[in-house]
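Participant: These are the residues of each chain, in order.
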Amino acid sequence: MDREILVEKLQGIVGKNGVFTRPADLLVYEYDGSVDGAVETATPSAVALPTTAEQIADIVILAREAGLPVVARGAGTGLSGGAVPQQGGIIISLTRMNRVLEIDREDRTALVEPGVINLELSEETLPHGFFFAPDPSSQKACTIGGNVAENSGGPHCLKYGVTTNHVLGLEIVLPDGRIVWTGGRSAGVSGYDLTGAMVGSEGMLGIVTKALVRLTPSPESTLVLLAPFADIESASHATSRIIAAGIVPAALEMMDNLTIQAVEPAYHAGYPMDAGAVLLIEIDGSTDDVRGTGVEIAALCVESGATEVRSATERAERDLLWKGRKMALGAMGRLAPNYYLHDTVVPRSKLPATLRRVEEISRDFDLPIANVFHAGDGNLHPLMLFDRRVNGSTERVLEASKEIITYCVDVGGALSGEHGIGTEKRGYMTLVYTADDLAAMAGLKNSFDPTGMFNPEKLFPKGYMCGEVRALRMQAMAQKLGIHAL
Amino acid sequence: MAVAIENDANILRLGGFSGPDIPEDDLLRACVHCGMCLSSCPTYRLTGQEMSSPRGRLWLMRAVADDRLELLDPLFDEQMYQCLNCRACEAVCPSGVHYGPLVEASRAQLEQHRPRSAQERALRRVGLDWLFADSGRLRLVVRMLRLAEKTGMTALARRTGLLKLLGMEDLQALTPEISRRPIVPGNERWLADPVSGERRHARLFNGCVMGTVFANTNRAAARVVARNGSDIDVPVEQQCCGALHVHAGMMEEARVLARRNIDAFERSGDDPIIVTAAGCGAALKEYGFLLKDDAAYAERAQRFSDRVRDFTEYLGERDLVPPSKPVPRTVTYQEPCHLVHAQRISRQPRDLMNAIPGLELVEMRESSLCCGSAGIYNIIREEMANELGDRKARHAMETPATEVITANPGCQMQVRASLRRNGSSARVRHIAELLDESYGGAKSKRAIIGRSEY
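Sequences listed follow chains A and B, in order.
All residue numbers in the first sequence are consecutive under my numbering, ending with 486.
All residue numbers in the second sequence are consecutive under my numbering, ending with 454.
Isolated chain A (complex conformation):
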């Protein structure tokens, strides 16, 4: 299709101020939140900003006629390159579909458009006594549509679960332009759980145009505990004992000494500078339960070697303790100009050994690595600190990442806790999945999107979707036999 005709038709669908096609305009749609070097930028041929599902359907049909790929984009805060248009095509930016359509107090649900900002959904439902539980660190900017695509997590997912546990139904535009609903208000699912398939599908199966999400009642009482330890080992031990005691904290986060060195001078949250590690533990529920559990956790921490346990119940105090954790990334600027935040998961029991390995890798690659992570569910976020102006530093970071990922997978972990695969980790998929596993996933993709039009070049290893399955299978068998974890 002629470019001018395409532009004209797009304008016909979303109006003149809803389409960008000039090269200068397209420049700013070539990235997302991913780290330079880990994900290559790529430029779309057009960007459309629709306001309705029908407009999206029309764009998809137009793209099909024009033979162009389609990439859905929310706030573009993703860390795995999910919103970067690897093969060009049309970016459908959902930022103008940002209304909360309905809050149902009785059913405890909210019907939202995909461009609603995560934190603002919680703020809007707070007066009704609810919040939206998944709370990724980017929650101030990221959108519900993006959360659905990446199946986002966050500190409070230890108790409340990740995004998939909070999505009841979706309105989606399929790659053939049809608009369909999955799931619904009631608890049961009749037939295939298409909502489940959509959540975490990284924009490759359909484009979410409405989401019916579960709202969680705000707890009566919240307590935050801060427990410093001499070293990571004892903090990990305390974590294991808390979980083993059958306690489910709302959040259980660990920060190592390097992180404390960055965070404490920046925010004065009161973390002891000489601690080897601190645990930040949040408990919520009824006032009595919270108090009782708090005492129990404090005792377990002290038995495991905590030098003290501080507690905060007032909002301002709690926020201060949390600030050091939530703003940890920002404070890293005090230690190095660049960081690469990783996201892997290991079984909780393997945490101490994994952290030891991370420390070795840090030494081997002469690369400072700070650890700040969701200890409660074994979701690591090693933060590699570097200066990308130094020649070869980005490559060194990527090499070290590979070492960490490989180790995590070897001990039975996963590639990503909450950031998704995208282009960033597609090359590692064969570490975890056999060729047959991948083929099963490809089967799902093919049944939704046989021509590979939605968000191409993501999730599956490079070349996988263009007929190299056979070669890949051979390769995967040869290389990975016996070492994959599943």
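These are computed hints drawn from the structure, not numbers from a lab.
Heads up, some of the hints might be wrong.
[Said to hold, decoys possible] Anything over 10 Å on all C-beta distances counts as not near chain A; from chain B, calculated: (1) 33; (2) 73; (3) 121; (4) 199; (5) 316; (6) 380; (7) 395; (8) 440; (9) 441; (10) 454.
[Claimed, not checked] Among the chain A residues that face chain B by a calculated CB cut under 8 Å, a handful are: (11) 27; (12) 28; (13) 31; (14) 33; (15) 327; (16) 329.
Don't be surprised by glycine CBs; every beta carbon is placed ideally from N, CA and C.
Dock chain B against the given chain A, drawing on the hints supplied.
Facilitator: Leaving out everything else, chain B in the frame of chain A:
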């Protein structure tokens, strides 16, 4: 990749940027495009488009630095000036990107390299260069405008955009609040109430709009400072702070003003310099950065900046003499961008209001989102400014407040105009007036006229 700065024969170059005031490469590359700034950006909130976000604009700057985008590409111009420079993005940036200086340097680049029509040039000369270059001229113009209002000649002034620039656009709504008598630097001084300990001194930064249109607000602020145990005067020879010039990329003009202010205030040692306009305060605190390459002034500029305190910040640093007269009203607070974001002052104004007996402070939604005033933005970008103003008015009107309190003249005018446009008669006042009222107001303390110490 980056084109290194060439430094031969005084020609500075970074890709498409050249000459003085090039955006600093290191500052530019501190942005890791994580997107945490998006939701705080007013223009992104209104448009939902990436180029209208801080991250997008930084990417465009980087594209110019990398020779991937022409400096004079219309999009670059459009975006550098669509930005309100409210700096909300800076306050939330995890990587600590200094966005303000970068957008200001980009504007300076455009100012240097962009061809302008003769008319445009003349308007800018008169508007920013001539008018604000000497505080006496401004006082004269404000007097003339008052006269013009009485003789019905405001239409002309309104057409030129001058009235709006001076915060006098809606004269009808403003009339009761316009100060009859501007403050002339050097001419007024307030003596401290004895509080405890030694006698303290403070110096008032008068400002252009604050010292003329809102002169009585400055007087209220001075009385409050005096009630809290410090002599305060208005040092002679001080000038406009230069914020408007910096925002418009007119760096050299701003530097001339900055040097004159540094000279004027140096005589008063290390006494705190108190500012009632958040926009001025932010600019004054950045003199150190503005003059960092001026061998004769760099150090003095930093010393000057270290002395600057917003009015609320100054009071927050000491035990407040409790205001005693009840003010039985409900108010809401509009945070000036250049207070909350550029100076990170948010708690102090609220603490001060909560110290006033009888006063109830009710928070509005998005109190720290720009109201659309942003220096001269509401003149050059009326449509977007109005949209933001309406949004602010709606949020204020959702509260039961009968007064909107703020701490910057630009916000004061913009919020007032927006409220009127949306049918609200709520008053908009500076926090200094509210405190002064609770301390007994104008009758409580008189200035000694003609007697500034310096």
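Participant: The structure should be examined with respect to each hint, and the outcome stated for every one.
Facilitator: Status of each hint after checking the structure:
no.	hint	result
1	33	5 Å, violated
2	73	5 Å, violated
3	121	26 Å, holds
4	199	33 Å, holds
5	316	16 Å, holds
6	380	20 Å, holds
7	395	13 Å, holds
8	440	33 Å, holds
9	441	34 Å, holds
10	454	37 Å, holds
11	27	5 Å, holds
12	28	4 Å, holds
13	31	5 Å, holds
14	33	5 Å, holds
15	327	7 Å, holds
16	329	5 Å, holds
Violated hints for the displayed structure, listed by number in ascending order: 1 and 2.
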